[in-house]
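J.: Heads up: the sequence shown is residues 0 to 369, going by numbering that gives the first Met the number 0.
Source of the hints: derived by calculation from the structure; they are not laboratory data.
Do not rely on the hints blindly, as some may be mistaken.
With a cut-off of at most 30 Å between alpha-carbon atoms, the simulated DSS-like pairs for lysine-lysine come out as follows [claimed, not checked]:
{"no.": "1", "residue 1": "K288", "residue 2": "K278"}
{"no.": "2", "residue 1": "K296", "residue 2": "K275"}
{"no.": "3", "residue 1": "K36", "residue 2": "K288"}
{"no.": "4", "residue 1": "K275", "residue 2": "K288"}
{"no.": "5", "residue 1": "K270", "residue 2": "K296"}
{"no.": "6", "residue 1": "K296", "residue 2": "K278"}
{"no.": "7", "residue 1": "K291", "residue 2": "K278"}
{"no.": "8", "residue 1": "K36", "residue 2": "K278"}
{"no.": "9", "residue 1": "K275", "residue 2": "K291"}
{"no.": "10", "residue 1": "K288", "residue 2": "K270"}
{"no.": "11", "residue 1": "K291", "residue 2": "K270"}
{"no.": "12", "residue 1": "K270", "residue 2": "K36"}
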Amino acid sequence: MGLLLMVIFAVTFATRSVTQEENGMLDLLLAQPIDRKSPLTQRFAALAVQITVVTSVLALSVFAGANSGGLDIAAGRNVTASAGLGLLALLIGAITLLLGAATGTRPLTLGFAALVAVAGYLANNLGGMFDGGEWLRKLSPFYYANGHSPLVNGADLGHLAVLVALAALVAAAALAVFDRRDLARGARGEQTLPAPVFPFLPDERDTRPMTGHGTRPGGHSRTVGLRRGFALVLERMGLVRMTGRAAGWLLICDPPEQTFAQIADALQASKGSISKSLKQLTTMRWVDKSSKPGDRKDYYSIRPGIMPELIRAQSSQYTDLTAMTARGLALFDDPHGAPAERVRDIHEFFVWLSKEMPALVDRWYAEHRS
């Protein structure tokens, strides 16, 4: 029973990474300035810590039960058996992480992880039921955990070393797969072309003719480089990457008005992350949300002339900064001291900027309309 519970615990805990990807939390997490592999590394480390705690409690429980029942179980053998059980759970958890990193979907991860666990259990047990079946047992991680009967025969450090090595190799493979997979499409089992070297340029490696929606047969978009580049630029400006991807798609999509379902299909991301991104874009007034008579769906589109409007709106911020630095200058007893000169330099720049920016926007409109 303890073996079964440990395996179930490892699989359930390791599957949470896939759950984060499906509900959009992983998109938000990876938009922060952290290493891409960090969430999976931390998940594996947390799994190892929790398995250590559980196996320690299990070893203490067995030791206490043996003492109360008058059973002669050596403490070293008890620790060895618990360690084998913990390393088995860690290996199963690492395999689950690898499956989650490869598929990106919770049902597939749980299904394949359960298949691996059941197959390993059957191989270990069935291999001992007929002559010449020892080779089958050695293919199962369960054999290296308790095939030597550590409570009876003591420790087999070679078996424990095999479990440690396998867990490390599988965890490294999970990190490599996770680092290479396009998370935006992984939840639906689709693959995208690798990002071009210059993200703002179209991906010229595929020269098949495009459809009217700017995509090639098979769903690969020629404008994926532009969308990725736009997302990275907005991320450097402090926005979540998914917000940039949504804005980039609305910038180049055809038709320009898109429903939520169309945006989700184009970006191949979770509905939760897309919903948050569209809400942020509409709040920032980058995107208009509209409806059509007789149609219950909402439509999203990039606001025409949004950039000049945003620049003009920022002029009021420059005016506020001018007023703030003017109040700061009035606080100095020595108006010609070094601190005052630094504030004055900023103040004069904002005075100049608050005058020039509206004029610059007006000049743009005049030249653009002509």
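J.: For each hint, tell me whether it holds in the structure or not.
T.: Hints versus structure:
A distance of roughly 10 Å separates the Cα atoms of K288 and K278; the hinted pair therefore holds under the 30 Å criterion. About 17 Å separates the Cα atoms of K296 and K275, which keeps this hinted pair within 30 Å; it holds. The hinted pair formed by K36 and K288 fails the criterion: a straight-line CA distance of about 36 Å is larger than 30 Å. A threshold of 30 Å between alpha carbons decides the hint, and for K275 with K288 the separation of about 14 Å falls inside it, so the pair holds.
At most 30 Å may separate the alpha-carbon atoms for a hinted pair to count; K270 and K296 meet this at roughly 15 Å. Our distance criterion of 30 Å between C-alpha atoms is met by K296 and K278, whose separation comes to about 15 Å. A distance of roughly 19 Å separates the Cα atoms of K291 and K278; the hinted pair therefore holds under the 30 Å criterion. Of the pairs offered as hints, the one joining K36 and K278 holds, with about 28 Å between alpha carbons and a cut-off of 30 Å not exceeded.
Between K275 and K291 the alpha-carbon distance is near 23 Å, which keeps this suggested pair within the 30 Å criterion. A C-alpha spacing of about 17 Å is found between K288 and K270, which places the hinted pair at or below 30 Å, so the restraint holds. In summary, the hint linking K291 to K270 is supported, as the alpha carbons are separated by about 22 Å, within the 30 Å threshold. Among the hinted pairs, K270 with K36 is consistent with the structure: their alpha-carbon atoms are about 23 Å apart, no more than 30 Å.
Going through the hint list in order, the structure does not satisfy hint 3, though it satisfies all others.
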